[in-house]
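Asker: For this one, chain A is given, so just place chain B on it according to the hints.
Top to bottom, those sequences are chains A and B. For my numbering, add 83 to where a residue sits in the first sequence, where the first one is 1. For my numbering, add 3 to where a residue sits in the second sequence, where the first one is 1.
Note that these hints are calculated values from the structure, not bench results. Any given hint could be a false lead.
Listed below are several chain B residues computed to face chain A (Cβ distance under 10 Å; list not exhaustive) [as the list claims (entries may be wrong)]: (1) ARG152; (2) ARG180; (3) VAL189; (4) ARG198.
Part of the chain B face toward chain A, derived, beta carbon under 7 Å [said to hold, decoys possible]: (5) ARG183; (6) ASN188; (7) VAL191; (8) THR194; (9) PRO213; (10) ILE215.
Note that the Cβ used here is the ideal one computed from N, Cα and C, for glycine as well.
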Amino acid sequence: METLERILADHPFFRALPPAHLGVVVGCAANRRFASGELVIRAGEEANEFFLLREGKVALEAAAPGRPPIVIQTLGAGEVLGWSWLVPPYHWKFDAIALAPVRAIALDGKCLRGKCEADPALGYELLKRFALVMEQRLQATRLQLLDVYGTPR
Amino acid sequence: MNAAPATPSMLTRPTRIRRVGRESAETFTLELDVPDAPPFAPGQFNMLYVFGVGEVAISLSGDPARRGTYVHTTRAVGTVTRAMQRLRRGGAIGVRGPFGTGWPVVPARGGDVVLVAGGIGLAPLRPVLYAVAARRADFGKVVLLYGARTPDDVLYGRELERWRTRHDVQVEVTVDRGSRDWHGNVGVVTTLVPRASFDPACTTAMLCGPEIMMRFAAQELAVHGVPAERIHVSLERNMKCALGWCGHCQLGPEFVCKDGPVFPYPRVARALLTREL
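So that you can see chain B by itself, here it is in the shape it has in the complex:
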């Protein structure tokens, strides 16, 4: 067996943490100072290494036009991300990347854009909003449908409000569990699809969240006439090398790290229903 050639992509780069933001009890944002950061496309991810603990794949969630900075929002759910949550401003973290495929922002030009996000899935879609806003005239209607578990779990709350006050972006937020204090929508994110204003035939849809949510959201969009090949999903698997060498993230014939994480839905729809994968 041939050894994989050593490339800079396997080398982690020590990076300074410029800012740590708390989004909710479990969710936080790291802003990394990377003066010579390679540009990234919305939808791509970095491998972040907490020294002495381990490495995980985290999507880029900042503005792709902002050079010298990588922004990552993630949830503390495992050993590495819990250790990451304890990092502070001025601390160091290793970065490899960016890796993977991006959202079809350029092909979406000329038509409507519908983003459907669930939970932490809003983070990988946020760069799309920045990219679309930067060339707003190139797109038709822009819709963000976002579902979270509770009002306390809503990501980027203030930023969502700012997007909502723009007259050229429709933002609809819903939570699974509401209360009297919450004056927004209650119900799953798929219930927002009929309330959104877009032309299905010329819509590009980008979905990110738990796979079950994406599956139902894709079905709902298809029912409303969005062509299947224009529905894209971002998948999450056990990414290790991020280069398609190790096979940990294999999903049928695809390596999620290299061929994804963003896929046209029809390309992975069957694999997502295969229980062993």
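So that you can see chain A by itself, here it is in the shape it has in the complex:
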């Protein structure tokens, strides 16, 4: 049987996480599904969780008045959605919408924050992993801003 612990251990984000830490994290995890078109997170709302995507595709969007939402990035299987649960004031900055049926593991951010405070080694391990994700997203955003395919002026 596919246990939550096994699923977490197989997800790229938690790959090679020490078993002791994995055992703590799994206590904050739950399976979640989203239908195509369903809102996964909404900008401005409290960010109490993050998601390890296992299947499907999610679009990160910014709503803008008088125009369609602007898609900033799409995320798929093996990727992580959401780090606002980690940074005060713990509110989502963007919307995320399922572009296809999504299977994910939701991790309770409040629960994890408490466990990280109690166990700095776990906290540091998680921060290192999120720092890597943030660095990759920052680099990707910088490349997007460069508009490298645009016509040189």
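Answerer: Only chain B this time, still in chain A's reference frame:
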């Protein structure tokens, strides 16, 4: 100083335009009727001359097995390519070539092939797809990762769909700026690398697009374990003679027209970071 010897390579050959295709607002494809066309290797380029305007280097983007035809896809960005965009079926254009080095299609046999294209950079890589498909059993996994600016800028859209429906080629397309109408990926092309399925140790990677994109894509592939010497890039410089005589396209010790345009990445990586070059 000795004058360079006259060779047929300096002579442009008047050629008839068989077909003009519009790919996007700025991008178009010319199909040229060249009955005795010398064969070309994927990655090579021709010098195309718009009579009375000027000559530019444009990569070959058609099927190398299709004789008697040269296909060129380009973007109207300068005086010559804008004039080229105004040419019509039945019109004439001058052709010299093919020139330059090709992609390492034959050395890639026996392993996986990852193509990373950005923008108009898909055009010089398209012949690789044709060549690989023609001898598909000789290769392992074949992956095409393609990034464009917007959905409207995606090149060869219908053809990409056909490639995608093949079960032996993984095609991933992403755009920098998406919309709700676009159901594909949004993000830079480097973000597709972790989603691709290939064995890094036996992968040959071929990259074509803006140099910044190629630099980051090469780094990403290296992070995922592709040996640096198996990463190849196609460079674009101010090619004039296409024979290594004039020096306009010099990049450090290399002449891009003659020693390239396809290079193993480690051979040009340093030069690409040198601001004066």
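Asker: Given ARG180 of chain B as an interface hint, is the shortest Cβ-Cβ distance to chain A below 10 Å?
Answerer: Since chain A brings a Cβ to about 8 Å from ARG180 of chain B, closer than 10 Å, the hint holds.
Asker: Interface hint check: PRO213 of chain B, Cβ to nearest Cβ on chain A, cutoff 7 Å. Holds or violated?
Answerer: For PRO213 of chain B, the interface hint holds, since the closest Cβ of chain A sits about 4 Å away, which is under 7 Å.
Asker: Given THR194 of chain B as an interface hint, is its Cβ closer than 7 Å to any Cβ of chain A?
Answerer: 5 Å, holds
Asker: Given a cut of 7 Å on the nearest C-beta pair, is the interface hint for ASN188 of chain B held or broken against chain A?
Answerer: 5 Å, holds
Asker: Return the status of the interface hint for ILE215 of chain B: holds when the least beta-carbon distance to chain A is below 7 Å, violated otherwise.
Answerer: Interface hint status for ILE215 of chain B: holds (5 Å vs cutoff 7 Å).
Asker: Let me know if the C-beta of ARG198 of chain B comes in closer than 10 Å to any C-beta of chain A, holds or violated.
Answerer: 6 Å, holds
Asker: Hold the hint about ARG152 of chain B up to the distance rule: shortest CB distance to chain A must be less than 10 Å.
Answerer: 4 Å, holds
Asker: So, as I understand it, the hint says ARG183 of chain B touches chain A; can you test that by seeing if any CB pair is closer than 7 Å?
Answerer: 5 Å, holds
Asker: Is the interface hint for VAL189 of chain B satisfied, with its Cβ closer than 10 Å to some Cβ of chain A?
Answerer: 5 Å, holds
Asker: Holds or violated: is the Cβ of VAL191 of chain B closer than 7 Å to a Cβ in chain A?
Answerer: 4 Å, holds
Hint compliance for this structure: every hint is met.
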